[in-house]
Amino acid sequence: MTEILRVENLTTRLSARDGSAAAVDGVSFSVHAGRTLGLVGESGSGKSLTCLSILRLLPPSLSQAGGSVWFKGENLFDKSPRAMTAIRGGQIGMILQDPMTSINPLFTIGNQVGEVFRHHRGVSGRRNLWAKAVETLRRVHIPAAEERVGSYPHQFSGGMRQRIAIGMNVGCEPDLLIADEPTTALDVTIRLQILSLLREIQTARAMAMILVTHDLHLVSRFCDEVAVMYGGRIVERGPVARIFQNPAHPYTKGLIGAVPKIARHAERLAVIPGQPPLAGEHGAGCRFAPRCAKAQPRCFAQYPDDRRFEDDRRAVACWDPEGLPS
Amino acid sequence: MTAASNAFIEISGLTKTYQVRPRFFARSRPLAAVAGVSFTVEEGGTFGLVGESGSGKSTIAKMLMGAELQSGGDIRIADRRFGSRLSAADDAWRRRALQPVLQDPTSALNPRLRVASIVAEPMRVQRSQPDDAAYERRVIELLEKVGLTASHARRRPSELSGGQRQRVAIARALALEPRVLVLDEPVSALDVSIQAQVLNLLKDLQAELKLTYLLISHDLAVVAYMSSRIGVLYLGQFMEIGDKADVIARPAHPYTQALIAASEPEHAASLDRVMGEIPSPLAPPPGCPFHPRCQQAVARCRVDKPLLRPIGPNHQVACHLAG
Amino acid sequence: MVADALSRTEPVTSAPRRLPSLRGLLRRARLALAVSILTIVVGGALLAPWVAPFDPNAMDLGASLQPPSVEHWFGTDQLGRDVFSRAIVGGRLSLLIALAVVTLAGSSGTLLGIVAGYRGGWIDGLIMRVADIQYALPPVILAMVMVGAIGPSTTNIVAVITLANWARFARVIRAEALSLRHRDFVLLARLAGASHLRVVLVHILPNVRNTLLVLLTLDLGLIIILEATLSFLGLGIQPPDPSWGTMIADGRGYLERAWWTSILPGCVLMLTVLAANLLGDSLRGDGGAEDAR
Ligand SMILES: Nc1ncnc2c1ncn2[C@@H]1O[C@H](COP(=O)(O)OP(=O)(O)OP(=O)(O)O)[C@@H](O)[C@H]1O
Ligand SMILES: Nc1ncnc2c1ncn2[C@@H]1O[C@H](COP(=O)(O)OP(=O)(O)OP(=O)(O)O)[C@@H](O)[C@H]1O
Ligand code: SF4
Ligand SMILES: [Mg+2]
Ligand SMILES: [Mg+2]
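Chains as they are written, first to last, in the numbering used here: chain A, 38 to 363; chain B, 1242 to 1564; chain C, 222 to 514.
All clues given are correct.
As a list, the in silico BS3-like pairs of lysine-lysine whose alpha-carbon atoms are at most 25 Å apart:
id, chain 1, residue 1, chain 2, residue 2
1, A, Lys298, B, Lys1485
2, A, Lys298, B, Lys1444
3, B, Lys1451, B, Lys1485
4, B, Lys1485, B, Lys1444
Chain C side only, calculated, beta carbon under 10 Å to chain B, not exhaustive:
id, residue
5, His403
6, Val407
7, Leu408
8, Ala410
9, Leu412
10, Ala413
11, Gly414
12, Ala415
13, Arg419
14, His424
None of these hints come from the bench; they were simulated from the model.
Backbone N, C-alpha and C fix where the C-beta goes; we use that ideal spot for every residue, glycine too.
So here's chain A without its partners, still in its complex pose (with noise of 0.2 Å):
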């Protein structure tokens, strides 16, 4: 299994300035070929900050104040802004939860798909870039595609969108795709589609996937590995069915408890109290320690090591983890 990514330590500020709050604090993980990694948490827990920092991508107003990025054993951090923008759209895709901020209403669709493999690919000739725009419609299934190519994106439907989106961003075979909530926006039933096209792109290419999502639930089905996120650091990883069945955080074990599920027939959901923290709006301790029912002095005096387990293949940062001798 080769290793795609790994981000080391991770550390993006809210301002320029030294002394200003962290919203992505430290965070580290890899992923590897034909995997996805499952980023989920609440809002504002910086999931979408890390995915916009491994690409560069920040707002002029965030930093980057930390850690690095190995893509394919390169870090990405030390890569010029022309190798990045190269590297952006070609090796690494991304898509994001609102598919018309990558699809420009102004364009058909066919010019669109088209200039991803001229910009990319270096493809030219307009009825190759033509052949390939079909071809890419066809691979993310929109019915008569040689017809509908020259449409412009207001005649597709918001699915539709997000699919086109997806051919876009896999159409030069990245080796990862980072997807911020790809589905968020769509209804449950498109949902499924948009998450098996993704899985099929990604066998058939033995693609890397970052999926982030606030969905325990696609977690669990479409996942690999989970990194459970919370004010701004990853307080539990590891295989997913490990940490479905067998939750360690006690973050991750109310998430999976505040979820109703059709089949459970519970008279009332667990509930964590409280509400999560604004970004840097925390102590020196565990961020999670005013919501949990667990917490000790400790927990809010000193922020939690990350404890590894099961193998190494599992990691939790917290005092008193569940199900393993403290």
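Chain A is fixed; fit chains B and C with the ligands onto it per the hints.
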């Protein structure tokens, strides 16, 4: 129709047709947002409406609350009829008895007002309290009921978290001692852990205040957790309606089955339960409205429209193959 | 049950704290600068008879076109009148007109904008078409035609500039009202039985207030310039009464010999307009102005 004797809300044959212009210069065409929907809600019960975007859920809620006039059909609430002509007394009664809670608490709260004024607004408009002190007492009572404190009364919405905002919206809805809450996607905009808090709060309030709920959501899991009866809406029509136990444990309609699979993909055998997109309500398919996306469709489904028919006590399905 | 609900309450957190940043400090400095310039100019204008060192219309042909000195801070003009005194008194008229216009155009534009945006339908169409027509005409041309027709006087100037300015307010406010009308809190208020008047007063007006404030201050500058332009062209304030526009016009023949006669009043005008714009800008940046109460 199984008209339960203690039906508090009784809706029969409800339709709403909008005239829309698909393009600027085109002739306007009818769009059937709700096409003949019937259901009853018993007092103190929760009826859950599920369906994807554009299936007509909010339109039903709006007609129920009188924000839109129905094109056809009957609405009865506590044995009062709400048709095109209604008495001022009935109208005023409905304004008090039915209260909405909407999806986006940020849009539902005027950013310029303080929480106290927001919660008090329905009471002020209806002049339900004798003096300012009484309004203030009632506001604090309501805030405490939804798990906030008097100190929140002086805040503005921007100083509250999403979950707290939705609590304020619920407190406001409770201000006039309503009998029914119309909950249109009340937790869709909230985080998972906050969503559970609000759902539990709604359950507690229902038990305490004997409230009747109409709960709208695109999330079948939320509806299943809250409701006693469930109606599955597709293109403005019920595909399946029945007690929660039946609809969830024995879904008879392919669309319901697909929704269940989509809501909990970890249990889904196949990912491609439903093909294609929701058809445009301007050009609904002939025959069964679901047939273009249905994997079980047979020739008959393309021409013959299945009607809702009982397949068990309190369980009805509109599918040729069911039962 | 209630106690149960309470025990699960999230802790009462205070509003998010904000640390003073460099940008915040700069904004505050800009605001202070704008306010002090405006205070000086407006104060001078208000107290003109006491502040002005000389009678603004007193001629002294023997001391014409004198450069700025300790006695005559801004020098004297071709008729030997003290430019500084004239600039102060002229500001009085210019500012008075600008304030009158801003009030009239602001209130009528806001009213029409809210009616158009909130009511919608044909009324909206009508108001916006009229606004379009007004918008299409350059204000100076509109004013020239109208003053030519009804003659120049202070009242006419105010009327003309108001006519040339209401549409900007109406347009912006309409767009805001239109988006506010579709917010859920308006729907909820209507469902609760609130009258249209209550909705406009409680839910629409307070939410356009910030925009209105910004527009008013920005417009103040534009109106001062427009009035000066008209006066410069001889269509505004009539001599011998000074206004910034007429002073700049009068001095332009002596620019080479006595630049101060038009440049210095021009600077005062520019400074005032700049201060008004700065004020507008910092109000716009400061979305939290509502919490000042
Ligand atoms: N451009 C920005 N300027 C300042 N703060 C920002 C900016 N973008 C994000 N933040 C802050 O950084 C924190 C993390 O944001 P991020 O967008 O990564 O969250 P997220 O986990 O993706 O949440 P969501 O589920 O809502 O998308 C938040 O507190 C957010 O307010
Ligand atoms: N005022 C209107 N004019 C024309 N068509 C409308 C109007 N309101 C709703 N519709 C249409 O009626 C249909 C049902 O809309 P409705 O808002 O009830 O759907 P919904 O089930 O609530 O969807 P969502 O989950 O997106 O809120 C949609 O096709 C919508 O476009
Ligand atoms: S009637 Fe036919 S098309 Fe419709 S849901 Fe049943 S099987 Fe599918
Ligand atoms: Mg995000
Ligand atoms: Mg809706």
